[in-house]
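Participant: One letter stands for each residue in the lines below.
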Amino acid sequence: MTSRKTAIVLGGSSDIGRAAARAFAKAGYDVGLAGRDVAALEPDAADLRARYNVEVGLHKFDVLDTASFDGFAGALPALPDVVISIVGLLGVQENAESDLIHATTIMRSNYEGPSLILGLFAEKFLARGSGTIVGVSSVAGDRGRASNYVYGSAKAGFSAFLSGLRARASRGGVHVVTVKPGFVRTKMTEGMKLIGPLTVDAPVVGDAILNAVEKKTDVVYVSGKWRLVMLIIKTLPEAVFKKLKF
Amino acid sequence: MTLVSGWGRFPVVDSDVLRPRSFEAVGEAVVTGSVARGNGRAYGDAGIGAVRTIGMTGFDRVRSFDPATGRIRLEAGVLLSDLIDTFGPRGFLPFVVPGTRFVSVGGAIAADVHGKNHHCEGGFGRYVDSILLRTGQGEIIEISREQNSDAFFATVGGMGLTGVILEATMRLRTVETGWIRERVISASDLDAAMRALDAGDAATYSVAWIDCAARGRDLGRSLIYLGEHAGRDELADGADVFPVGKNPGLSVPIDLPSMTLNRISIRAFNELYYRMGARRAGGSHVVSLYPYFFPLDSIADWNRIYGRRGFLQHQCVIPEVGARAVLADILDRVATRGDASFLAVLKKLGQGDGILSFPLPGYTLALDFPVKGDILNFLDEIDRLVVAAGGRLYLAKDARQSRATFEAGYPALQRFNAIRKSLDPAGIIRSKLSQRLFDEVQP
Chain A
1 MTSRKTAIVL GGSSDIGRAA ARAFAKAGYD VGLAGRDVAA LEPDAADLRA
51 RYNVEVGLHK FDVLDTASFD GFAGALPALP DVVISIVGLL GVQENAESDL
101 IHATTIMRSN YEGPSLILGL FAEKFLARGS GTIVGVSSVA GDRGRASNYV
151 YGSAKAGFSA FLSGLRARAS RGGVHVVTVK PGFVRTKMTE GMKLIGPLTV
201 DAPVVGDAIL NAVEKKTDVV YVSGKWRLVM LIIKTLPEAV FKKLKF
Chain B
1 MTLVSGWGRF PVVDSDVLRP RSFEAVGEAV VTGSVARGNG RAYGDAGIGA
51 VRTIGMTGFD RVRSFDPATG RIRLEAGVLL SDLIDTFGPR GFLPFVVPGT
101 RFVSVGGAIA ADVHGKNHHC EGGFGRYVDS ILLRTGQGEI IEISREQNSD
151 AFFATVGGMG LTGVILEATM RLRTVETGWI RERVISASDL DAAMRALDAG
201 DAATYSVAWI DCAARGRDLG RSLIYLGEHA GRDELADGAD VFPVGKNPGL
251 SVPIDLPSMT LNRISIRAFN ELYYRMGARR AGGSHVVSLY PYFFPLDSIA
301 DWNRIYGRRG FLQHQCVIPE VGARAVLADI LDRVATRGDA SFLAVLKKLG
351 QGDGILSFPL PGYTLALDFP VKGDILNFLD EIDRLVVAAG GRLYLAKDAR
401 QSRATFEAGY PALQRFNAIR KSLDPAGIIR SKLSQRLFDE VQP
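Chains as they are written, first to last, in the numbering used here: chain A, 1 to 246; chain B, 1 to 443.
The following block holds chain A by itself, in its conformation from the complex (with noise of 0.2 angstroms):
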């Protein structure tokens, strides 16, 4: 073991997963990479090593399997420095609409199991009196749109999670960071028309995530655009806001 202090993504496939990954590791720290299929991060693990030079775990995690978070966290070889959640799932709005099933997945891939996992983290963070932890949340979450309200409803639940845990937190000595990344150019997107000025790539949010956690911010809005875009979706009338279609 080394003494450098230790990350851990949880949804290490996914692009921005990567981007947070190489971000940490090229920072110095050892990184831990979580997802539900161990074989596929692989690949990522090698080249995390092969570029910083750092120590690569890998765990497997079930953002659907909240039995097992108890074993999870206890499993791991030691309790992290920082743990950072990228897992959700976008969905598609229309068969959520009638699909229960697929409604209930995507609320409880945004919302439930994240909430519970960082939750559970933070317990343990705050007897050890340290510690750091990432959600990455969503614009998407500061007000329910027709275009998306089941996945934006969740990610709003998890950003309330968010605020009210950091709130108590802070008071141990332990810090959270709410990420709403906006557009961002990654597999999950790929094919969804996004505005340009408005959309970043991965590696973008994988740094803004870095300097979150060295600097202590609240929340980040990866592209101060957003803050605005979202300050004026927010204060737009009910009356108004009803009648938009996005």
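Where hints are given, some of them may not hold.
Cut-off 25 angstroms, straight-line C-alpha distance, at most; resulting in silico cross-link-like pairs (DMTMM-like, lysine to aspartate or glutamate) [as the list claims (entries may be wrong)]:
| hint | chain 1 | residue 1 | chain 2 | residue 2 |
| --- | --- | --- | --- | --- |
| 1 | A | 26 | B | 240 |
| 2 | A | 216 | A | 238 |
| 3 | A | 193 | B | 16 |
| 4 | B | 246 | B | 85 |
| 5 | A | 26 | B | 297 |
| 6 | A | 60 | B | 24 |
| 7 | A | 193 | B | 176 |
| 8 | A | 26 | B | 176 |
| 9 | A | 187 | B | 240 |
| 10 | A | 187 | B | 16 |
| 11 | A | 5 | B | 28 |
| 12 | B | 246 | B | 82 |
| 13 | A | 187 | A | 81 |
| 14 | A | 215 | B | 85 |
| 15 | B | 246 | A | 70 |
| 16 | A | 26 | B | 82 |
| 17 | A | 225 | B | 301 |
| 18 | A | 187 | B | 28 |
| 19 | A | 193 | B | 129 |
| 20 | A | 187 | A | 201 |
| 21 | A | 26 | B | 16 |
| 22 | B | 421 | B | 439 |
| 23 | A | 193 | B | 28 |
| 24 | A | 26 | B | 85 |
| 25 | A | 187 | B | 14 |
| 26 | B | 372 | B | 255 |
| 27 | A | 234 | A | 94 |
| 28 | A | 60 | A | 70 |
| 29 | A | 225 | B | 255 |
| 30 | A | 215 | B | 240 |
| 31 | A | 26 | A | 42 |
| 32 | B | 246 | A | 201 |
| 33 | A | 193 | B | 301 |
| 34 | A | 187 | B | 176 |
| 35 | A | 60 | A | 81 |
| 36 | B | 246 | A | 81 |
Calculated from the structure, these hints are not laboratory results. The structure displayed is predicted, hence computed values, not measured ones.
Given chain A's structure and the hints, the job is docking chain B onto it.
Facilitator: Relative to the frame of chain A, chain B by itself:
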């Protein structure tokens, strides 16, 4: 279908773009009329599939690295900018870098790109030991100088036409610092410029910026930039051993009106640039590798200054013997026209390694022109001078040369075609460039 273009934004054509994320998905994506595309820095139609374009930038992993030998295995979509940022601070750099660092490894192999050191250290392909290639037939094979060597030498410089480059093993150079000791020489005319480049053969890096607006007595006046990797003892106190490669600070957010670059602004720019450079000439000083190798990378989307219709880069190489008269003829015609822009470069090349690699021993001249007026006819005229001199054009920059020009310039074409056919008998791999210059014309 999607409208796609290269860096020059001419031509703009239809091609279906897919971005597979696994080798299996590459197999599923390839249909008849496909070619791989890296970061889209080929200027013309080389990186556009006849029917489908296979975007490879999602393949951005390093597979392994051995610091003892500098040997690295990586996926084809890794950008040189990423390699430099990641391995530079550890004391390793690519042996060969082109004028932009935003190219993929796969693209750099396919174009067998050259850098300012081609005259003495060869091109990108020289430092590639092996390539994992998915042929048009769907076989995934490892190719090297020893194993499937025909396929290897056809793939280096083969413009992606032998198949999809998936991975490569290459060697990195060890450096003490990320700084270059630069010496600027001002040359008042073409003869002086060529003499200075000849004298610069001993330098690791050499390149001339040439004032393509200067005429008469000043024809061919240039600034020659020679460079060597700087050692730690040459750095100023407190300087970072490896400077940080900043993301572009400036950007060109919109297409500028095509009149932005006109005879007067181009002349004025060239005059100013030459005078400022000439003032620095003489002594040597240490500069960061980023402005030395990649002067235009500091301006994002600089291709937009040429306006909506795009631009053409004409890059030829003229064999050494008799080059002076041909270069003078070309430069005189260009200066008389007056619309070539500030990116005019003259440099010496050595022998290329791949069957279709662009370099041959001689002088390469690169000129940018906005797409307008009779520029296509004018470039055809220049091509006749190039062909008559035994020269050729760089396929990675090309968007418009004729088959006759291409065939005259690349006498090894028959051999390339035979190897291509053996790897891809059904003709699956086709780009817009191959349709224009290589493929049998459909009756």
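Participant: Against this structure, judge whether each hint is valid.
Facilitator: Hint-by-hint comparison with the structure:
| no. | hint | in the structure |
| --- | --- | --- |
| 1 | A:26 with B:240 | 17 angstroms, holds |
| 2 | A:216 with A:238 | 34 angstroms, violated |
| 3 | A:193 with B:16 | 16 angstroms, holds |
| 4 | B:246 with B:85 | 10 angstroms, holds |
| 5 | A:26 with B:297 | 23 angstroms, holds |
| 6 | A:60 with B:24 | 24 angstroms, holds |
| 7 | A:193 with B:176 | 45 angstroms, violated |
| 8 | A:26 with B:176 | 20 angstroms, holds |
| 9 | A:187 with B:240 | 36 angstroms, violated |
| 10 | A:187 with B:16 | 17 angstroms, holds |
| 11 | A:5 with B:28 | 41 angstroms, violated |
| 12 | B:246 with B:82 | 12 angstroms, holds |
| 13 | A:187 with A:81 | 28 angstroms, violated |
| 14 | A:215 with B:85 | 23 angstroms, holds |
| 15 | B:246 with A:70 | 43 angstroms, violated |
| 16 | A:26 with B:82 | 12 angstroms, holds |
| 17 | A:225 with B:301 | 21 angstroms, holds |
| 18 | A:187 with B:28 | 17 angstroms, holds |
| 19 | A:193 with B:129 | 40 angstroms, violated |
| 20 | A:187 with A:201 | 11 angstroms, holds |
| 21 | A:26 with B:16 | 36 angstroms, violated |
| 22 | B:421 with B:439 | 11 angstroms, holds |
| 23 | A:193 with B:28 | 24 angstroms, holds |
| 24 | A:26 with B:85 | 10 angstroms, holds |
| 25 | A:187 with B:14 | 23 angstroms, holds |
| 26 | B:372 with B:255 | 15 angstroms, holds |
| 27 | A:234 with A:94 | 23 angstroms, holds |
| 28 | A:60 with A:70 | 13 angstroms, holds |
| 29 | A:225 with B:255 | 22 angstroms, holds |
| 30 | A:215 with B:240 | 23 angstroms, holds |
| 31 | A:26 with A:42 | 18 angstroms, holds |
| 32 | B:246 with A:201 | 16 angstroms, holds |
| 33 | A:193 with B:301 | 21 angstroms, holds |
| 34 | A:187 with B:176 | 38 angstroms, violated |
| 35 | A:60 with A:81 | 19 angstroms, holds |
| 36 | B:246 with A:81 | 29 angstroms, violated |
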